Amino acid sequence: MTDNTTSTDANTRTDVDADTIIDTFPRVSLTPDSKYIETIELPAEPANTVPTAEVLRPELADPYPYDLFSHQADALTALETGDNVAVTTSTSSGKTHIYGLQIARNLLDAGVLNPDGTRASDQNAASTALCVYPMKALTKDQHEALDELYDQLGLDIRVEIYDGDTTDGRRAIREQADVILTNFAGLNVYLEHHDKWSRFYSALDLVAIDESHTYTGVEGMHVAWILRRMQRVADYWGGDPQYVLTSATIGNPKDHSEEIINAPVTVIDDDGSPHGPRDVILWNPPPRDKTRDSTPEKESFDIDIDDGTQSEKDDVEFVAERVPASVEAPKVFNHLTSRDIRTLLFCESRKLTELSIKRADEHRQNNPREYDRSTTVGREAYNAGLGRRTRHSREHQFKTDVLTGLATTSALELGIDIGSLDATVLMGYPGQRQSFWQRIGRAGREASRSLAVLVGDHRTLDQYILTHPEYLLENDVEDAVVDISNNSVFATHVLAASDEIALDESDIDTFADEDRLRAAVKMWREAGFVDGYLDAAVHYSGPSRPQKRVNLYGTTGTDYRLQLADDVDRDTWGLPDDLDLEPIERNRAYRDYHEGAVRLPRAASSSRSSTSTKTARNPLSNSNRSTASTTHVPATKSTSSTPTQNNPVKSTGSRFTSVAEPYSSITTPTTSSISATATRNNKQSRQRHRRS
Amino acid sequence: MAGHPEWNTDGDAPLELLTLPASTLDRVAQPAVRDAVQYFSPDLVTIPGARNPTAYATARDAAPDLPVIHPQLGHGAEHIHHYRYSPDAGVHEAPHVAPPPGTIDLIAVQSGDVLSQLKTQLSSGERQTGTESATLLLVPQLTVDWDTTTLSTSLPYAEQLAAISATLPEPVSVLAGGQPAEYYHEWSLPHNHSSVRVPITGLGASEQHGSMFAQHTCTARGTVAAEAVDADRFGIRALNGVGQSTSQRLRSQGCQTTSDVQNLAISTLTDLPGIGQTTAEKIHAHADVIDSGEPIVLTNKTPIKTRDDRPPLCLDIETDGLSPTIIWQLGVYDPATDNYQAFIEKQHPNDPKPVLEAFITWFIANHRDRTVIAWNGYKFDYPHITQFLKHHLPEYVDAWNDIWTYDLYKWAVRDGNALLPGRTNKLDHVARALGYESAGTGLTGAQTAAAYQEFMRNPDSPAAEPDWERHWAYCEDDCRALWHVYQAITNATRRDMTDSGTGGATGQQAGLTDF
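These protein sequence lines are chains A and B, in that order.
Per my numbering, the first sequence starts with residue 40, numbered consecutively.
Per my numbering, the second sequence starts with residue 549, numbered consecutively.
Since the hints were made in silico from the structure, they are not lab data.
Since we're looking at a predicted model, the values are computed, not measured.
There is no bait here: all hints are sound.
Derived DSBU-like pairs: lysine-lysine, alpha-carbon spacing no greater than 30 Å straight-line: (1) A:Lys-179 <-> A:Lys-235; (2) B:Lys-927 <-> B:Lys-894; (3) A:Lys-438 <-> A:Lys-390; (4) B:Lys-853 <-> B:Lys-958; (5) A:Lys-175 <-> A:Lys-293; (6) B:Lys-894 <-> A:Lys-561; (7) B:Lys-894 <-> B:Lys-974; (8) A:Lys-587 <-> B:Lys-958; (9) B:Lys-974 <-> B:Lys-853; (10) B:Lys-974 <-> A:Lys-235; (11) A:Lys-390 <-> A:Lys-179; (12) B:Lys-958 <-> A:Lys-235; (13) B:Lys-901 <-> B:Lys-927; (14) A:Lys-587 <-> B:Lys-974; (15) B:Lys-974 <-> B:Lys-938; (16) A:Lys-235 <-> B:Lys-927; (17) A:Lys-587 <-> A:Lys-235; (18) B:Lys-938 <-> A:Lys-235; (19) B:Lys-938 <-> B:Lys-901; (20) B:Lys-974 <-> B:Lys-958; (21) A:Lys-561 <-> A:Lys-587; (22) A:Lys-179 <-> A:Lys-587; (23) A:Lys-587 <-> A:Lys-175; (24) B:Lys-938 <-> A:Lys-587; (25) A:Lys-587 <-> B:Lys-927; (26) B:Lys-894 <-> B:Lys-938; (27) B:Lys-958 <-> B:Lys-927; (28) A:Lys-179 <-> A:Lys-438; (29) B:Lys-927 <-> B:Lys-938; (30) B:Lys-927 <-> A:Lys-561; (31) A:Lys-175 <-> A:Lys-390; (32) A:Lys-235 <-> B:Lys-853; (33) B:Lys-901 <-> A:Lys-235.
Looking at chain B on its own, in the form it has when it is part of the complex (with noise of 0.2 Å):
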């Protein structure tokens, strides 16, 4: 499925950024960041945070042919790495020379302490960078301040970080080694009597965040996307079952990878302490699954049931953000007539009510004898849609509850009734690992909403206005997504563990297969 090309990353490959904290590197076996650094593919890796020459051994080892960032050590006085970027030539150390067009740069520093030195060497021309396209300023331990009892923010360096930035033509994104992976703010910071606009993006140091490996996705334009996953879904503690020890275990058997653990036989692992027939096949199925990217089911139990023997319908929301306001979008598709339907609110974005109202209507003119799935309805679409409907149209808050609502990423992960590829338990990403090709919109949740919100505070400008077509588009492709989920299980494998699986529709009690 095709998208616009302008929709893509203004079509250039972007610089992928992957980020270790060094506490997380102390913890997680060497086999798992390798894997890492091949799932991610990234074009560098950065350890943020504290000094930590261990760290920066251990990351040097597991991807040695990229560079590594981690300029705390200041390696032979170098307090200030600079590196440039292009989609043709990749990643290269910049010399002290004018760089070429359509080149990304990215200058990592030693401490904060060095941003004026920085400034200076940028102010003379000392060093260059590219002026068409963004120029990433990498501060390892940059920490955002906060004071509840003078209700109020500090951000180190905050001068430096504007003169920087207001110094050079090209957009200047800061990457802030201390602040959570998925942190993004546009501080305004004065500078000369006006302020100057200076996004800063977290990397994610610390493990007091959760233990993060995260990619940050840094477009020319000065975009910045992150993605986080929990390092414990790489290496063989990916393989559902295998804890800490287990894993230890395991490795000091010559196990590496999934692969060398699905190689092991059942007995071997069940040799195990802590490890029964049951987890032993678990474990055994995870890796099956891991290494053909095709989902296993585990239990007896479907996900629906439906009325009639249509396929269920795929729905999807949007809305402002996590305390929303208004459901903007709702989108569904029917895979029996291959139809996609949406709703979305394009003009007046504070009432909440005509959006839904049309969306109420038609479905329950139409459906309401369809079953419906979504991936995480039950905490999501479902109280959000039934919220508004008790506020504005409480008169379909009935008919609404008549319709069969089910949720599949309950069903498959939360209940355990299933095991699926994909690194995290995201939409996307579930999809992507059973094949799903996506429409390409290159849009991220967050992002959605941020532009919606965007619209909200200036409904009538012209430039809040958010591109329909591509929020349509990225509406629909969640719920094609999800259509290819539910397709994947109906028609996957099923290898009865035990009954434990839960929730869903009743199906036949399966027996324990033990012997």
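Extracted from the complex, chain A is given alone in its bound form (with noise of 0.2 Å):
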């Protein structure tokens, strides 16, 4: 955002210069000329603006508190010749302002709001907006960040989200908004019933995709479909959009809109924000001693001794075994956050960020000739697993700096809104650099130093790196693939078009070129889904709701919810009433909890410290074993159920290749303290076949 209205501003800084950080890191062999340890500097980018009143008219640019950054400006002149637009520049440039301040325009120009910014009408059937995001979260964060802008502007716009959360006053929001904000998976849902959005679809003069980059993959074939199957909507009731995608730097930006959108798209990629100077650390984890009895528990014990034998391991090129990342990057992110500088960990799991969390903690305790033990440091994990409750609340409490670190998945890689932070620290490298200049690119507040510290782990790719620095720096970034030519995907959502409005000629080059289109239309004929010809219409006539059938992140469209089991006291281990944990999907309850997975929820703050001494299980373990003289951490375990409903097969049954039914493993949880039920929460209408 091109304001920092965070309260962070008040704190107190501190340095973040690479050299003062290693040369504190409590490790006696760790030296900024240490031969694991590379720091290389970048430079400050200034910021490079134009008066907002040589793009925007006086109504807009009386009240715009800011000078426009370059990109902005020349996005919103690109606009203005109504071309399609893709921004390519960093986190926090100002995109939102673009589309925003685009839909300020057409509003004005369609006479919805009167030149001094309130109403002409109540009613608004002349200009509609819809913003689309990858993340829920993202969408709250964009909406209020478009309200905050508009009464800023003094203007009288009606920003409504419409999602799986939206439960009250649907049909007010469809009927009154000016501009929606939804997601692609809602999106697609609710194409089926366009006709109760007509007067949206109607006026719709402008749709914004947010971190466009994000779509690739299977999720991208859909999006491209989804967003095809809009425009034939919207095209049925009169709407003609103009697109902005907003994007972090991919290597095709044009390429990968222009698939997407199905339409031309200008590319706006010199940015004009500022950012101040940043270190970049490369840090190699320190060899791991093989005399010593490094045992998993004993390894996060942080004795680091200066005994002469590791400087001679020095001289070795080839390193057998280091210490992996998952246990180097927490005692980093530790030190930062530790120092007061807010700092992001980018872990590859959700489970490390909780373990992280734990090591950071005791690599704290551990060395208390460096750290106030006395003290504690506020951090959190955070991922996607987590309730909506506790994610809100770590984020709010990251950005007031009640927290000072967080220790997160690729769910903060994007542009949510924590405030700002100084450094990040990466686990490990993330495996492209388009992801990994956009993790680093997360640090740093107008003209003041940042820093990145990349812990490379043990892997070949990560050990290239270290070495060769100028793989990161000197090469592009990748490009985002989006391939839309899969057949598959294709006729899912031929089958949803025709459901939605019944295919005809007028699609051919629209919606598909003329024999996919003519192919795809005669195998469902065929196959008995569709009803009809081209060359008058197509109609869908197969088992209701073929949208469902389209599955944007290829699983398995069931979740199971986590909850603890009856028979667990909570008190004794310290757990909250209620776990507020986000319901999984299929593949990952299997996975994470079985009979015997151990799991590490944050135990309620005020019981952290009895927690911290005590050491993680093997997660593999039998919960009947015990360890000696260890106490358990506690954990919550789970027993997948059968699913609890049975619906006899009733309708019109459908020829689609059947899911297959969950192995039934009911296994009553055993000897175990706690364990977790979960229990399915059907999200599609899936037929189940009774057997009697």
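Using the hints, put the two standalone chains together into the complex.
Below you can see the structure in the form of structure tokens.
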């Protein structure tokens, strides 16, 4: 965002100088000249701005509190000439304001708003906008951001979220909102009853697609087809929108964007936003001493003694085994946060986020000379498995400086507003340059210095990068790939499209090219799912709601809810009444919550101190086996139960490949003290057969 | 109400073929199967799908007087079963002689592999079929496969089916056991450097398609029309409130039919686990309904409200398919004047506006203060009218929204305010069960839509022009049927169970009848 109204501004800033960080790290063998450390300095970039009045009309330029960044000006100018625009500049470069301002222009032009910003009439059948986001958390953030913008501009614009969480007032939103915010999974389903959206689509002037670089692979294919179906529906009701795509830096923004929206796109990639100097530390963990008995338990006690043997090993080029990044990175994370440096630690899995907090705490406890043990540092894990309330509260706590650090998955790679931060630590190379730059780009505010630490893992690619940093710095970022030539995905969307509006020859080359469309229609007609021919009309005639067959994330569509088993004593284990964990997809249920699995929820903070010295158990161990002299970390276990509902098969059936039954693995929890039961929470109606 | 003789399947009684899927037979009690056979009253019974001797035995027991076709068994090395049907003589096994004229042949093969052999027999004259009336080819496990990766379908034995179809002069229709009961497609199969038209109808073998029994009506001209009914609408499962376990318990008490249940005392019913007073009363009421053929209203709610004491208008529409591009017929019957008015698009099927405009202007001018009912109107008729108005005639949307519109099907069935006789909830079945005599157009909804689709593809071709009179009569028939059902409901006895019914007009609140 171009403004920084977060309360972290008031925070006393601590030096994020790389050398200082390295010097103060509690490891005698570690110096800035150490073989395992390399620091790269990236220079600052100043802002490149344009006076707002040169681009926007006075009604908007006057109340707008900033100058525009050059890329914002470029984008707004391109939009004015009718282009579709893809903006690929860094996070916090004001991309939201680009489409926010364009929407304001449209509403003024259409006469929905008076020049003074008041509404000309209560109804709006003249200009609407649709904004689509990849995550609900982002949707909420952007809702606030747009509301804030329009407040500043003094414009009475109705911005509303419409998604799975919207329970009340859906009809009012459809019929009255000026701007609707949603996600593609929702849009896919809402297209079925597009007649209820006729006002909205007839007036649709703008579609904003945020974080569009995330739409790749299977999800990208579905998004591309959902947008094509939406275009048919908008066209049917008379809407003809412009598109704004915002994206992180990718190698092929033009191709990718044009593939997604099926229309020409002007790319705006010359970033005018500023950032301060950046230090990137390439941090290779030390060799693991093979002579020591390095059990996993002991490893987390950071006993780094400079006994001379270490330096001999330093001379050896090839190191057989290093401390893993999953052990080393939390130490760096602790070091930074203990120095009051606001830091994100990016981990590769949800479990590692929880584990990293524990390890960071241990590092702090085990180095009393460096860190003040009598105080605690606020650090929490953050991932998509946490319940909504927990996630919100942690975002907020970080933003307001109650927390100094978050250990997160890629969930925070995108632009969720958590305020500003000064450092990022990457637990291993994320696999793509694009992801690397996006993660470290989260740190830094205005002109101040920021820090990024890449803690390499003992993997070939990580080790290569650590010794060949030019791999990161001198090569282009990767392309985002969307392949709409996948016929199976296409065929599913043909069914949905025919249900929404009968297909006919006008769809040739607008929805899909001729050969493919004819082939798909012929196939479905012969298979019995559609009726009719393209030269008149092709109607959907299969089982109802073909939109439900579109599975954006390639999952089964069945979610499992996690809850504590009845016989669990919450107090003993220090667990909150409500686990507040997100429902999980079936594959994850079997992988992470099978009987005997060990999970690490964060206990309520009051009891944290009692668990901090305890060790992690081997996740595969049987709960009955006790480990001598260590107390068990509270764990949630789970059993999978057979689906509790059994619907006798009723309606006209389908010949779709049926989902395999989950294997009935009812085993009652044995002697484990805690268990969680996964109860099935059906998202889609599936036909199940009851065996009598 | 007499219809034109030629509308009714060429005046000759068609061949009725009942399909009992094996998996459904496994699950459904014997008395229910007998009930189904009695209801459908078929000429023959078939069990498509995989070979299943138990199912075959069950079917034979339920229909001892009818031929049961299950060639998968391969009895006595017989791979081909050949039946002949004529309205006078009924169904009989075909000897190897020339058939009399006007005979429909039904040839069932053990599997598709036998088709080549059959073709040889037919070509050589070793086996003969009637050349004037259709021949039906039953392949018990024939299934259409499709591949979304290559966007193609494959029809097994297409070559043989085409060859047989080309060999015989009469129309040939294929009955594919593996396809859903409502599947119908006219395939164009390559044969000898040209192509042959082969219509394929599904029989609905597997339970993936729902546990349905399906009756196929086959005419001498080769048309096949399907009617599928849920297996649970037969036997005592047909009773509202009787599930699988309850029906088993009732059967163990000696109840075979709904009449048996009707004769049980309420207290016997409430003795069963899971059956309370209200459910027992509902079961009894439903048994009475099935027995008498008369509806019972369960609540104190009325289906509609009117501004005055005039009866409601009965509305029905016809579209070109389930994703309509045109509402091409709108019919309104006014019981107050016994007058029926219809609006049909006969000239420009690609322009939905004129017919809609004619309808809406007439309606607003003459009937805007009347109440309207439709069958499943909330999910079909009204949303489509609204959508087309929004798209083409937005200036009339508000006036249309002001009309008092109701959905009789929703009130009676979905909201549970009444119990209706009839094996399905389709309007024509319900009306027929309530004693309505249909005009007998012989059309189904699917055929109507298909006929109009054909017209849309060839609007200038006389051959493609639908029989407008017949379609007019079909729509009028539905409207009058709706009126008949409405009257039956409003004249029905009331038996207040609880005030659990919802929807419709707010009548007086009923008290709970518990004792």
